[in-house]
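J.: Now for the letters of each chain:
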Amino acid sequence: GQQVQQSPASLVLQEGENAELQCNFSTSLNSMQWFYQRPEGSLVSLFYNPSGTKQSGRLTSTTVIKERRSSLHISSSQITDSGTYLCAMGRMDSNYQLIWGSGTKLIIKP
Amino acid sequence: EAAVTQSPRSKVAVTGGKVTLSCHQTNNHDYMYWYRQDTGHGLRLIHYSYVADSTEKGDIPDGYKASRPSQENFSLILELASLSQTAVYFCASSDWGAVAETLYFGSGTRLTVL
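First to last, the sequence lines map onto chains H and C.
Under this note's numbering, the first sequence has 106 at position 106, and the numbering climbs by one with no breaks.
Under this note's numbering, the second sequence has 43 at position 43, and the numbering climbs by one with no breaks.
It is possible that some hints are incorrect.
Claimed, not checked - Subject to a maximum C-alpha distance of 20 angstroms in a straight line, what follows is the list of computed EDC-like cross-link-like pairs (lysine to aspartate or glutamate): (1) H:K105 to C:D38; (2) H:K54 to C:E101; (3) C:K57 to H:E40.
Calculated from the structure, these hints are not laboratory results.
Please model the complete structure; the sequences and the hints are all you need to start from.
T.: Set out below in structure tokens:
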């Protein structure tokens, strides 16, 4: 079936270092989104990025459809960036259903 | 600011009991969703709705019912709660289908079935 693989599963960095998170998908996608899950559990949308590159502050998302991958780059990481980052791929046969990765848990140390 | 409110924030239920999780949105969105998240995993879609008085099955609907009495409200019902339904449940809304539109999430409900 359609799958989304995220890597690494966890990442520990020193404050100020850059983070690179990957999302690979096994089949053609309709769209790609990135979400941030705070340590206390709430979820916020970061990017809707079906192709190309989008930037928001220190965060950059790049999706390359033909290579079936999407990445999230966090520059100059801060302690408040700690949490779990989830990617979700839109199914080709649905307007409503997303296939989710298992997430990358990011820990930023002072 | 878009707002999705879930209640309760947490609940302990007994096996075989009935559980109702509620979701209210003030975004004026047509689309609403119920997801469950198990520890260390991504989200899985249980039910969704794109219009009041109508619900659709997601990827894991067994053991769950949904109700959308109005555009603003969407409930998830566990008629006979089971141990395997212990999880965190998220409600979300979007202006269009989730594939093409930003999702706005509630804070989640942590359900423990004993």
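J.: Give a verdict on every hint.
T.: To see whether the hints hold, each was checked on the structure:
no., hint, verdict
1, H:K105 to C:D38, "holds (15 angstroms)"
2, H:K54 to C:E101, "holds (15 angstroms)"
3, C:K57 to H:E40, "violated (29 angstroms)"
Hint 3 alone, counting from the list given before, is not met by this structure.
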